[in-house]
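Numbered as in the numbering used here, the sequence shown ends at 646 without a single skipped number.
FYI, nobody ran anything at the bench for these hints, they're computed from the structure. All values reported here derive from a predicted model rather than from experimental measurement. Just to be clear, a hint being listed does not mean it is correct.
Unchecked claim - In silico BS3-like pairs for lysine-lysine, Cα to Cα no more than 30 Å straight-line:
# : residue 1 : residue 2
1 : Lys341    : Lys375
2 : Lys96     : Lys524
3 : Lys261    : Lys276
4 : Lys153    : Lys47
5 : Lys632    : Lys492
6 : Lys230    : Lys276
7 : Lys284    : Lys314
8 : Lys644    : Lys492
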Amino acid sequence: MDKVLAYVEEHKADFIQNLKEAVAIQSVSAWPQKRPEIKKMLEWAGSRLESFGAEIEYANIGSQTLPDGDVIPLPPVLLGSLGNDPAKVTLVLYGHLDVQPASKSDGWDTEPFELTEKDGKLFGRGASDDKGPVLGWIHVIEAFKNTGVDLPVNLKFVFEGMEESGSEGLDDLLEQRSSSFFKGVDYVCISDNYWLGTEKPCLTYGLRGNVYFFIEVECADKDLHSGVFGGVVHEAMADLVYLMNQLLGMDGKILIPGVYDTVAPLTKEEEELYEKMDFDPEKLRSDIGCKCLNNEGKKEAVLMAKMRNPTLSLHGIEGAFSDAGCKTVIPRKVIGKFSLRIVPNQTVEGITKLTEDYINSLWEARKSPNKMKVKMVHGGPHWLTDPFGPQFQAGVKATKRVYGVEPDLTREGGSIPVTLTLQRVSGKSVMLLPMGAADDGAHSQNEKIDVRNYIMGVNMEKVPAVAYASRGFIHFTIHVRGLKENVHSGHHGGVIYEPLADLVYYLNTLTDSEGKVLVTGFYDNIEPLTADEAATYRCAPFSPKAYQKMLGARGIRHQDKIEALARRWHYPSLSLHGIDGAPRHREGVKASIAASVSGRFSIRIVPSQNPEEIKSLVVQHFSKMVEARKSPNEVKVM
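Make a model of the complete structure from these sequences and hints.
Here it is as structure tokens:
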């Protein structure tokens, strides 16, 4: 693994140059004239994956009808696969290669499609959202391939070019491929979000949903002059302001009755996560430039407002005069736009009904003669997964290995709809692994990614423990040969040194009755369980008794919750899998002595263990056992 990490450091300049090339491709999905650029960007990424041995497909997802009626092709979705080893887990990576519109005239300090490095930051559209993170994964593969180190997982790729415009066509494609492309998948990872702050990494296990509304009020057939008609007509703008004013309180609380009724109560475990998070409300206030925060700026309350509580935001009014200068017009029709971020136990349908009923009741009380209608124009549910499962524990260990700190486990206030789709079609856990920092400015002027995040993010994605189980994996075979062919035990039993007897002896020297590995030096580099890690295990929704029942096991080694989870995730282990070559039968007996037999076992290693060193220790162990056994049979360890 040191070779891989060294490769990243040596090729840092190359990786930055690759990002420069990617940023220069103006793959703006909101600009129809740039559709060829999106295809170019996808092919740019696809060619690199192919050069590392991946099988790729540019999947057609149909066409799009523009507002003016023109029909144009949608860019394809890049699907890819690398590796099909059944002994490895399979990880799906999602990312997008389209970007938001950008122009220097928007207020950028640099040309948005020319990557500019300044003070350890890389400025350019897509640097953080999402070309930088996608390239991070591509560079992971490059580092493994070019150093001759075996990838610890099988990989599958879903890279799209329409995320910034609603991912049109993607859901249908993924549903169609659920039983083919996603067959055998173990985990899904998305790198399209951001750290909670700028210094400490995080892993994200939840997203709020979003329900977007229009309130449309119409008072006349055409715009009117306020000098002529002011005070004469019931103005649409006044009605709309009245309605929007009653959606949100001064303290940020939603005024729609019933919205909070189904919000899940705060658990002690969740409260402890917020307490542990490295977050400074004052820095947030300063970074965004507001006078003060709601909830009196208290850390835990601000975090819950960002992550786990529903919120309502007003976005704008369409149809009202908004240009520079003055225009004394009474708009004939105005449309107010707002949205609610929803959380677990809330549904799009339930929130829509509460909102529509409330606004209609306000309108009835208003008694205006104007036309009013409220409609939900977009709705997406929340997403929440288990932050204590093996995928997240792998992420925690990988982060600690690279950054030297355990990441915060966070929920994101925003929404990434494809998360739910990927979880549904794969039937597997999804983890959000952000590379960018909170101040990267995605969608804004001067979008950037820090060089530290870009390069260390590559390292993050290649630590061996991130093999998307919580531990690494080494498979061994010990082969014992003593005869040319199988012989009859009635004739030769007690006469020869039986290979199977030798093999059983050797396998028995690997572990004791408590499961402890007996290979000398095996535990020398194991890091002790930290207080923070123990606290994480303590919060995990895990019951040793329920786990034993689920397995149908007669017993498990540890009934203590923390110890049981530590044995699953923190400490290495050795398991015996089977014996090849011994006589097998379906009924009756077969009294033969096998000429040669092979025992199969594996070791799950943790980040502080070097695979090559462990292999060497195992070989040395068997050399000693063979010497002690004094059998003439041939022994090979592979």
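Broken hints, numbered, in rising order?
Of the numbered hints given earlier, the structure breaks just one, which is hint 6.
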